[in-house]
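Student: Respectively, the protein sequence lines represent chains A and B. Numbers in the working numbering are just positions in the first sequence, counted from 1, shifted up by 9. Numbers in the working numbering are just positions in the second sequence, counted from 1, shifted up by 11.
Calculated directly from the structure, the hints in this document are not laboratory data. Idealized CB from N, CA, C, for every residue including glycine. Keep in mind that the hints are not guaranteed to be accurate.
What the hints assert, rightly or not - Heads up, simulated DSS-like pairs for lysine-lysine below, C-alpha to C-alpha not over 25 angstroms straight-line:
1) A:141 / B:82
2) B:82 / A:65
3) A:125 / A:149
4) B:113 / B:137
5) A:141 / A:125
6) B:82 / B:113
7) A:146 / B:82
8) A:98 / A:149
9) A:141 / A:65
As the list claims (entries may be wrong) - Now the stretches of chain B that chain A is said to cover, found in silico as 3 or more residues with beta-carbon under 8 angstroms:
10) 47-57
11) 79-88
12) 111-124
Here is how the chains run, residue by residue.
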Amino acid sequence: MRIVRYNHPSSRSLAPMRSPWSGLETEMDRLFEASLGEFSGALNVSRFPVDLYEDKDNTYVRAELPGIDRSDLNVELVDGYLNIRATRKTREDGREEAFALSRSVSVPDAEVQTDKISATYENGILTVTLPKREEAKPRKVSVSVS
Amino acid sequence: MSLLTHLVPAFAHSKTSAGRETGPSVTPAYGLTEIEDGYELIVHLPGVSRDGLELTAEDGAITVTGRRAWKQPEDWTAIYREANDTPYELVLNHDNIVDLDKVEAVLRDGVLRVTLPKAEAVKPRKISIN
Numbered sequence: 010m011r012i013v014r015y016n017h018p019s020s021r022s023l024a025p026m027r028s029p030w031s032g033l034e035t036e037m038d039r040l041f042e043a044s045l046g047e048f049s050g051a052l053n054v055s056r057f058p059v060d061l062y063e064d065k066d067n068t069y070v071r072a073e074l075p076g077i078d079r080s081d082l083n084v085e086l087v088d089g090y091l092n093i094r095a096t097r098k099t100r101e102d103g104r105e106e107a108f109a110l111s112r113s114v115s116v117p118d119a120e121v122q123t124d125k126i127s128a129t130y131e132n133g134i135l136t137v138t139l140p141k142r143e144e145a146k147p148r149k150v151s152v153s154v155s
Numbered sequence: 012m013s014l015l016t017h018l019v020p021a022f023a024h025s026k027t028s029a030g031r032e033t034g035p036s037v038t039p040a041y042g043l044t045e046i047e048d049g050y051e052l053i054v055h056l057p058g059v060s061r062d063g064l065e066l067t068a069e070d071g072a073i074t075v076t077g078r079r080a081w082k083q084p085e086d087w088t089a090i091y092r093e094a095n096d097t098p099y100e101l102v103l104n105h106d107n108i109v110d111l112d113k114v115e116a117v118l119r120d121g122v123l124r125v126t127l128p129k130a131e132a133v134k135p136r137k138i139s140i141n
C-alpha cells in the first residue's frame, strides 16, 4: 500500500487555470454557451445593468432600461438604497403584457442631499443624479505659510 | 419569445457578419415574432440615438448596428460598471422572404421595432379554379 501525503487544497490549486480539467471545462462552457447563449439575448430579462459614476459634486446612477414609459419608472431612496422599479409594457396580438424590473443600488445615504435628487430618461437610459452633501465633497484647504 | 425566434426557420442569427470587420461589438437583446403578413423584430438598444443607428436590409441579411450616443464626461469617475460601451451589432440571415422595399423601423426610448413584411412570393396564394 502506498501512502500519499494529503495536500490541503490551496487557493492556487483550486484556481481554474491549474485544474487538470480546465481544458475540458472551457470546452464545456463553450458548448453550453453555444446552445444556451442565444437565450441570454432574450428580451425581458429582469436584471438590467447599472453603472455608478461620480464627480466632485454628484454621484450618478445610470441604468439601461429600454422601452419604458416615463410614468412606469419609479425611483426611490429608502434607507441608503436607491430602488429603481420599472414596468415594461408591450402589446402583443392586441393584448398588453407587463414585465416588472427592479434593482436596488446601495448609496451612501449620509453623503446625499436627499431632497435634491433628480432623474432623466433618454434613449432608454435612466440617469439619476444624487448631489453630494457639502461635507462629503472633497475639500481644499489652503494653508498660508508664514 | 426567444424560443419562438428559433422556431422561425427562415431567420438564422449569425454571430459574425461575413466579410465585415467592424471591431468589437455585442449582440443586443432581440426578439422576433411572426405577425400578420410579416415579422416584427424588436431590438433593445439602450443608449443609441437615431444618429448612431444603422439598419441595413440586403439580400439574405438584415444588419442592425448601433453606436452609443453617450460618452462619459471627463470629470466623471466610474465607481462601478456593468454596462458595456461597445457598439451593438445584430445580423439576421434570411432566405429573401422579406419585402425589402417595405421594411419600416421605429426607434423609441432605446427600442428598435422593425416591421418586415413578407415578400409576395412567400405569401400564401389562393388559386382560383375554373
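Student: All the hints need checking, so say for each whether the structure fits it.
Tutor: Comparing the hints with the structure gives:
{"no.": "1", "hint": "A:141 / B:82", "in the structure": "holds, 22 angstroms"}
{"no.": "2", "hint": "B:82 / A:65", "in the structure": "holds, 18 angstroms"}
{"no.": "3", "hint": "A:125 / A:149", "in the structure": "holds, 24 angstroms"}
{"no.": "4", "hint": "B:113 / B:137", "in the structure": "holds, 22 angstroms"}
{"no.": "5", "hint": "A:141 / A:125", "in the structure": "holds, 9 angstroms"}
{"no.": "6", "hint": "B:82 / B:113", "in the structure": "violated, 34 angstroms"}
{"no.": "7", "hint": "A:146 / B:82", "in the structure": "holds, 24 angstroms"}
{"no.": "8", "hint": "A:98 / A:149", "in the structure": "violated, 49 angstroms"}
{"no.": "9", "hint": "A:141 / A:65", "in the structure": "holds, 8 angstroms"}
{"no.": "10", "hint": "47-57", "in the structure": "holds (count 4)"}
{"no.": "11", "hint": "79-88", "in the structure": "holds (count 7)"}
{"no.": "12", "hint": "111-124", "in the structure": "holds (count 4)"}
Hint compliance for this structure: hints 6 and 8 are not met, and every other hint is.
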